[in-house]
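Number of protein chains: 2
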Amino acid sequence: MAKIAVMGYGTVGSGVVEVLRENGDLIAERCGQTIEVKKVLDLRDFPGDPVQEIVVHDINEIVNDDEISVVCETMGGVGIATKFVSMCLEAGKSVVTSNKAMVAANGTKLLQLAQKNNVRFLFEASVGGGIPIIRNLRTCLTADHIQKIFGIVNGTTNYMLTKMYDEGADYAAVLKEAQDKGFAEADPSEDVEGWDACRKLAILSSIVSGKFVNFENIHTEGITKVTPEDMAYAKEMGCMIRLVGQSVIQEDQIHAMVAPMMFDQEHALSGVNMEFNAIFLTSDMLGDTMFYGQGAGKLPTASAVVSDVIEAVVSPGAVKRSVWTQEEMPVADFGAENRRFFARVSGDEALADELGTVLGSLKVLRAPRIAGEFGIVTGKLAEETMAACVANHPEIISVIRMAD
Amino acid sequence: MAKIAVMGYGTVGSGVVEVLRENGDLIAERCGQTIEVKKVLDLRDFPGDPVQEIVVHDINEIVNDDEISVVCETMGGVGIATKFVSMCLEAGKSVVTSNKAMVAANGTKLLQLAQKNNVRFLFEASVGGGIPIIRNLRTCLTADHIQKIFGIVNGTTNYMLTKMYDEGADYAAVLKEAQDKGFAEADPSEDVEGWDACRKLAILSSIVSGKFVNFENIHTEGITKVTPEDMAYAKEMGCMIRLVGQSVIQEDQIHAMVAPMMFDQEHALSGVNMEFNAIFLTSDMLGDTMFYGQGAGKLPTASAVVSDVIEAVVSPGAVKRSVWTQEEMPVADFGAENRRFFARVSGDEALADELGTVLGSLKVLRAPRIAGEFGIVTGKLAEETMAACVANHPEIISVIRMAD
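Quick mapping for you: the protein sequence lines, in order, are chains A and B. Per our numbering, the very first residue in the first sequence carries number 1; after that it's consecutive. Per our numbering, the very first residue in the second sequence carries number 1; after that it's consecutive.
Looking at chain A on its own, in the form it has when it is part of the complex:
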């Protein structure tokens, strides 16, 4: 029998206990042994809850318990979580986490620590909730160079943008609705500003490149400026607008960004609606693949944590190669990135000629016929060229990047 501990008995932590209880027989068969939750660490007590007898309040009760071989960190946050996880790894316990903030900030250090102590540090649930994307990158797509990641990795913003696109609702209204339904936090910044997606993209990029990609170097924009008018233009162009994390992986650098992007309705990602997530990969031999599923939620995320627990129980020793090394992967200068842009411009179309002299040839969009404005689609331009034009032309109301 394998004995484990759960640190943090919130949504995900209680889900882990539930998955292990509900599917215990199946998991025992796959592990070759039963898995028992021996201790749950939380500041609170849970009278009446099945775990009430095993709740502890002191991390040392886990660290010093030699029977416990695997610890699930489902507390969230960076500082205390990193400290507790480090203590567990140093005590020779494998650690499994759903905490993307901790992995993005301190994953490199924790991976090294796990190697040093001959245990596992696994974090399937930190990206894409229940989608087994990390395990696929580590163990399935092994014959390929992955060249590009293009993913919807934040369910809150995807829910909001789906509503805005389908219903023509505005940002404030869908945010309120998302908050009322529990899809968005009272302080939604982490999601709507793109920071959550940025951390997840950094983790995926680190795995694919094998080197540490610092999330702080990834240009990140949220969805707060996206309007129903942008959606109307997108529809006329046969496009979707979604918050996308994109990373093009080269030998010596990556090109990465998180921003709302327009892409064709024919793209496989266009079927990724509401709170669902999907990661679209391009690789040299396999071509395009996509992994789709619930990016959040108690049981999907808990299921991903438990799949890592199973791996840590079945293969407890350190793997030959760290998932990524301490070496930092440079992120290419964002200003020099070339792509096409959509922009809404206030004024009459005579202005298009003037913008054309700065931006090169433009496609001018009349539909959806909003009074006093028009749309443009540029050819491939450097980000800094577009940014300078926006700074000099207050007539440009909004800009959304076009996917390749």
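Bear in mind the hints are in silico, worked out from the structure with no lab data behind them. Careful, some of the hints might be misleading.
A pair holds if it fits inside one copy or across any two, identical chains being indistinguishable in the list.
Once the Cα atoms are required to be at most 35 Å apart in a straight line, the calculated DSBU-like pairs of lysine-lysine come out as [unchecked claim]:
1) LYS38 to LYS363
2) LYS38 to LYS148
3) LYS39 to LYS320
4) LYS181 to LYS380
5) LYS3 to LYS225
6) LYS235 to LYS363
7) LYS298 to LYS380
8) LYS211 to LYS176
9) LYS320 to LYS363
10) LYS148 to LYS83
11) LYS211 to LYS83
12) LYS235 to LYS211
13) LYS83 to LYS363
14) LYS181 to LYS116
15) LYS109 to LYS380
16) LYS363 to LYS298
17) LYS298 to LYS39
Could you slot chain B onto chain A? The hints should help.
For chain B alone, coordinates are given in the frame of chain A:
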């Protein structure tokens, strides 16, 4: 260094050699050793080809070569392939195959043989080409009971139905086009009659249920009767029509079928166009997940074969549990399956009342206003009820099942 052999130097076999050559460094890093193709078995010679020096014509040259630890079977067919694979397994070599016909027919026996000889028998490339669906089922979704498989697993028919849907083209025209482009064989029966999809569904169902599902027990219909008129009705209803393999897995039986089905344009599978494949899974904790990619093609399929070669090199010994056992999983009586049906009916709508007395309440569809006919959508009915009605009512021109 690991030495391997390739049996069958056709499209997939030559792709395997190419992937191993092109991505040799990457693969060596992931394996911890280089992989060398020592021998290629084929009836032909390949003068001028990089493999010309290592081509052999006698299976015993591989079977009796103790240096060869892994053999890729990429010949196709059932009889000879099964014989050669058995010889390799008995000689203590792991075998990797892309051959779904052999796996569906003899996989149970070959899995047992591999267990007995303490080697691996892997067949990732037999379903979904480059989509790592089998590895996901075996190693990623380990904390879940998978309850339902709903998949587009044949690229030829998906290409044809996409064309019929998008362009209103008829079956014969798109078949000719698919043949001209190399997406369909000169004798297309294996694809268009659904047999290829049936074998793949049987393999997936066997893995999920852990017992042998005999493809011969799965009700299978192809796409040869699908018409532009069916597509027109589907569009009016906001639906797609695709060839789907569906399997609902219960404790003691499965409900399985391959047939063209109508499903909502909002479904995640609706973005699976042209020659792409996708497998949509429903499981108890993760909820819905989908795996999408190129279902065929030289390099995607070869990449899947090579990912299995890597697994066989890294973990050569038999696994604890066979992927599925010799016990046969019953397939539920097809006639008793309940679902909704769409049908085109020739005549005027007075006939709808008569059909309603046999089939229960019907939704009558007037659009797309085809002269002399109308459409109906039934409530949930047994297959045998619908079949009897069709037999008794020659006015029913066509029937397509509705997905749940």
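Structure-based check of each hint:
1. In this assembly of identical chains, LYS38 and LYS363 lie within 35 Å of each other by CA distance neither inside one copy nor across copies; the values are 64 Å within and 56 Å between.
2. Proximity of LYS38 and LYS148 under a CA criterion of 35 Å is satisfied inter-copy only: 33 Å between copies versus 42 Å inside one chain copy.
3. In this assembly of identical chains, the alpha carbons of LYS39 and LYS320 lie at most 35 Å apart whether taken from the same copy (30 Å) or from different copies (29 Å).
4. Proximity of LYS181 and LYS380 under a CA criterion of 35 Å is satisfied inter-copy only: 32 Å between copies versus 40 Å inside one chain copy.
5. With identical chains, the CA atoms of LYS3 and LYS225 are never at most 35 Å apart, being 48 Å at best within one copy and 57 Å at best between copies.
6. Taking the shortest Cα distances, LYS235 and LYS363 sit within 35 Å of each other both inside one copy (16 Å) and across copies (31 Å).
7. In this homomeric assembly, LYS298 and LYS380 come within 35 Å of each other (Cα to Cα) only across copies, at 33 Å, whereas the closest approach inside a single copy is 42 Å.
8. Within a single copy, LYS211 and LYS176 get their C-alpha atoms no closer than 39 Å, and across copies no closer than 49 Å, so neither meets the 35 Å cut-off.
9. Neither within a single protomer nor between protomers do LYS320 and LYS363 lie at most 35 Å apart by alpha-carbon distance, with minima of 53 Å and 61 Å respectively.
10. In this assembly of identical chains, the alpha carbons of LYS148 and LYS83 lie at most 35 Å apart only when taken from the same copy (33 Å versus 41 Å across copies).
11. Taking the closest pair of Cα atoms, LYS211 and LYS83 come within 35 Å of each other only inside a single copy of the chain (23 Å); across copies the shortest separation is 45 Å, beyond that limit.
12. Within a single copy, LYS235 and LYS211 get their C-alpha atoms no closer than 39 Å, and across copies no closer than 48 Å, so neither meets the 35 Å cut-off.
13. Taking the shortest alpha-carbon separations for LYS83 and LYS363, neither the intra-copy value of 54 Å nor the inter-copy value of 62 Å comes in at or below 35 Å.
14. In this assembly of identical chains, the alpha carbons of LYS181 and LYS116 never lie at most 35 Å apart, being 44 Å within a copy and 54 Å across copies at closest.
15. In the homo-oligomer, the alpha carbons of LYS109 and LYS380 never lie at most 35 Å apart, since the shortest distance is 39 Å inside one protomer and 57 Å across protomers.
16. In this assembly of identical chains, the alpha carbons of LYS363 and LYS298 never lie at most 35 Å apart, being 46 Å within a copy and 39 Å across copies at closest.
17. For the homomeric pair LYS298 and LYS39, the shortest alpha-carbon distance inside one copy (20 Å) is at most 35 Å, but the shortest distance between copies (51 Å) is not.
This entry does not satisfy hints 1, 5, 8, 9, 12, 13, 14, 15, 16, going by the numbered hints stated previously.
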